[in-house]
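The lines below spell out each chain.
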Amino acid sequence: MALAKQKMDTTEARLADVVVPQGATWGNAVRADAMARVRQMGLPTKRDEYWKYTDPTSLTAAGTPDAAVFITDEAPLFADVDRVKVVFVDGVFDAEASDDLAAEGVEIERLADAMDTDIHWAKDLYGVLETRGQNPVHRPLAALNTALATDGIVIRVTGKASKPINLIYLHNDASSDAMLHNLVKVEAGAEVTLLETGPAAARFSKQLEVEVAEGGTFHHVRAQGRDHERRAVTHCFARIAANSTFKSFTLTFNGVLTRNECILEIVGDDAVAHVAGVCVGDGKDFHHDDTVFVTHDALNGESRQVFKKVLRNGATGVFQGKILVKEGAQKTDGYQISQSLLLDDDSQFLAKPELEIYADDVACSHGSTSGAIDETALFYLRSRGVSHDDARNLLTLSFLAEALEEIEDEGLAEDLRARLEGWLTRHR
Amino acid sequence: MLEIKGLEVKLEEEDKQILKGVDLKIEPGTVHAIMGPNGSGKSTLSYVLSGKDGYEVTAGSAALEGDDLLEMEPEDRAAKGLFLAFQYPVEIPGVGNMTFLRTAVNAQRKARGEEELSAGDFLKEVRAKAKDLKIDADMLKRPVNVGFSGGEKKRNEILQMAMLEPKMCILDETDSGLDVDAMKLVAEGVNALRSEGRSFLVITHYQRLLDHIKPDIVHIMANGRIVKSGGPELALEVENNGYADILAEVA
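Residue numbers (the numbering used here), protein chains in the order written: chain A, 87 to 514; chain B, 501 to 751.
Chain A with its partners taken away, still in its complex shape:
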């Protein structure tokens, strides 16, 4: 009780001076409700079970330590892809740098404009999936994002989108502290690919709420930028209807602290939900956390969680993944794998795989491993003339292959594979 009181006091103290953005219409009430949720739940602390392996202190603090802007002469990711570029600089939409927010099959607007429109589809989605996702586990940082997000983009997909939409998050200010909230509503039978790239800010809170209607398809490929000092907490909430497909892949390089939460709910029969991630981290300051919660609440659903981490020089990786199969969700096929490749004895991987099943005719499996490079395979490659370092790269990429294969578009997968190879080559 004393602890709960202390937590509430800390939360109140932290939120005392926080100003909730005000708009013209429905947004104000939604934000006020979200703020009330945060106050009721309290901000997370490392005493919380859900934050046992990741210290949220620097994510909840009033300010953030600076993060040096990372400069590289590498071409931007997906530069060769024909896409709609939507650019944010330190969390602020940049119309100049962005393309026209238009493509066949999609309607794209700024969040602020949607919130200033009295009758708007976004009202039925903004904060709605987040609220649903607060049960059974509290996610106060997501509610805080709903309350305070200052910018974002809302996308309604009405047909087969003619090209991918690429949200590009640039980071120019070493002390920026950004909160973005994006929505995607995929109408029945519609299809879109959402790309997200870049570090965004010194500290970045980002939420994505995705509604996939019957027979819809949502592909999501994300690469969190290479900034070494970046801190990020991201939430992805998705509600997946009958016969629809949701596939999300995230690649993370560097950063000091990253917590990616993905909360998926299959609510219609014969739906598919895949979430996958690769992270590569170097050094004691690297901490990466994938937290996933997949709920099956319909017949014949298929879900996959595939997470792979490469850790070296004392880096830490965390995976908390759950499959919840509700009563009646028969014929569910749930799969979960989390694996780490530890390139030295100092790095660590903490995994908490969970299954909770209330239906009796399901196939669910999970596995988690930590291991080093296979010395036998390394020798085999070297005996064929491949240098030690190249052989190690090859084996590391082969370790990551199962996760990368979750990306359906081969071109996108190849772009990310090339970046991974570059990272591995630089970190020898």
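Just so you know, the hints here were simulated from the structure itself, not pulled from any lab data.
C-beta atoms are modelled at their ideal positions from N, C-alpha and C, and glycine is treated no differently.
There could be a bad hint or two in this list.
Claimed, not checked - Not everything, but these chain A residues come out facing chain B in the computed CB check (under 7 Å):
| id | residue |
| --- | --- |
| 1 | A463 |
| 2 | R470 |
| 3 | S484 |
What the hints assert, rightly or not - Calculated Cβ distances over 12 Å to all of chain B for the following chain A residues:
| id | residue |
| --- | --- |
| 4 | A88 |
| 5 | A90 |
| 6 | A115 |
| 7 | D152 |
| 8 | V178 |
| 9 | I194 |
| 10 | V223 |
| 11 | L234 |
| 12 | E273 |
| 13 | A299 |
| 14 | D368 |
| 15 | Y444 |
| 16 | V448 |
| 17 | R468 |
| 18 | G471 |
| 19 | T482 |
Given chain A, put chain B in place with the hints provided.
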């Protein structure tokens, strides 16, 4: 081609001497066979020559065309022209067989200061050589050795050998796990590679492989040493009488 003098090797981790003074000289263009009972040190010899970790050379030397092999990294030995066909080829999930072959071929060419093979030339060559070994397109696409049968794995070893064009080929129990047809196919692959500039060291338990790959010289290895050398007839003697007579005779 290959000259081994007084080679003594122990396990790195424990105090166990495996090779106790091996002498072997292989001339260019010749095929040597080493036969011997289990635990005689045959496989260890192949591993030490190719540079596997876990062994400590306590005495002696091994040179390939005059260059000290034992000082080189495994990849440098390969670039120099040494090839080991593994008794148990390693499965590498996630690495396509074709990618693997091309990486290996070009790594060796680069190490020797030669130009890398273009994608087109490589493809043409690999397809022709794969066809001879009855390796289909699917096997080339699949991850290295993953889901391959015993025979497919061994054929894949020979394909690598054919592509890498080494000078000194060591075949470590390439006949193990093969049925007669698969063995014939593998042997044909090896025979096709026989040439004046290329030597072979064939390690085997049984004489039957040597019916297909005809050796010039046969050595009997026992207890970490080569105890007897002779012509192909030595292999027949083993086949007929086992090792016991020979070992008793040299003891």
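Status of the hints after comparison with the structure:
Among the interface hints, the one on A:A463 holds; its C-beta lies about 5 Å from the nearest C-beta in chain B, closer than the 7 Å criterion. For the restraint placing A:R470 at the interface with chain B, the shortest Cβ-Cβ distance is roughly 4 Å, inside the 7 Å limit, so the hint holds. A distance limit of 7 Å between C-beta atoms decides the matter here; for A:S484 the minimum to chain B is near 3 Å, and the interface restraint holds. At the 12 Å boundary, the C-beta of A:A88 stays outside the reach of chain B, the nearest C-beta of that chain being 52 Å off.
Every CB of chain B lies more than 12 Å from the CB of A:A90, the least distance being 48 Å, so the non-interface label holds. Every Cβ of chain B is farther than 12 Å from the Cβ of A:A115; the closest lies at roughly 51 Å, confirming the non-interface assignment. Interface exclusion of A:D152 from chain B stands, the closest Cβ pair being 39 Å apart, more than 12 Å. At roughly 41 Å, the least C-beta separation between A:V178 and chain B is larger than 12 Å, which holds for a residue marked as non-interface.
With 12 Å as the threshold on Cβ separation, the claim that A:I194 sits away from chain B holds: the shortest Cβ distance comes to roughly 37 Å. A:V223, annotated as away from the interface, keeps every beta carbon of chain B farther than 12 Å; the closest lies near 33 Å. No beta-carbon of chain B is positioned within 12 Å of the beta-carbon of A:L234; the least distance is around 42 Å. Every C-beta of chain B lies more than 12 Å from that of A:E273, the closest at about 37 Å, which supports listing it as non-interface.
Distance check on A:A299: its Cβ is at least 35 Å (rounded) from any Cβ of chain B, clearing the 12 Å threshold; non-interface status holds. For A:D368, the condition that its CB be more than 12 Å from all CB atoms of chain B holds, with the nearest at approximately 22 Å. With a cut of 12 Å on Cβ distances, A:Y444 stays outside the contact zone with chain B, its closest approach being about 35 Å. The claim that A:V448 lies off the interface holds: its Cβ sits roughly 27 Å from the closest Cβ of chain B, which is beyond the 12 Å cut-off.
Chain B draws A:R468 into its interface by the beta-carbon criterion, the shortest separation being 4 Å against a cut-off of 12 Å. The claim that A:G471 lies off the interface is violated: its Cβ sits roughly 4 Å from the closest Cβ of chain B, which falls inside the 12 Å cut-off. With a cut of 12 Å on Cβ distances, A:T482 falls inside the contact zone with chain B, its closest approach being about 10 Å.
Of the hints listed earlier, those the structure fails to meet are numbers 17, 18 and 19, in rising order.
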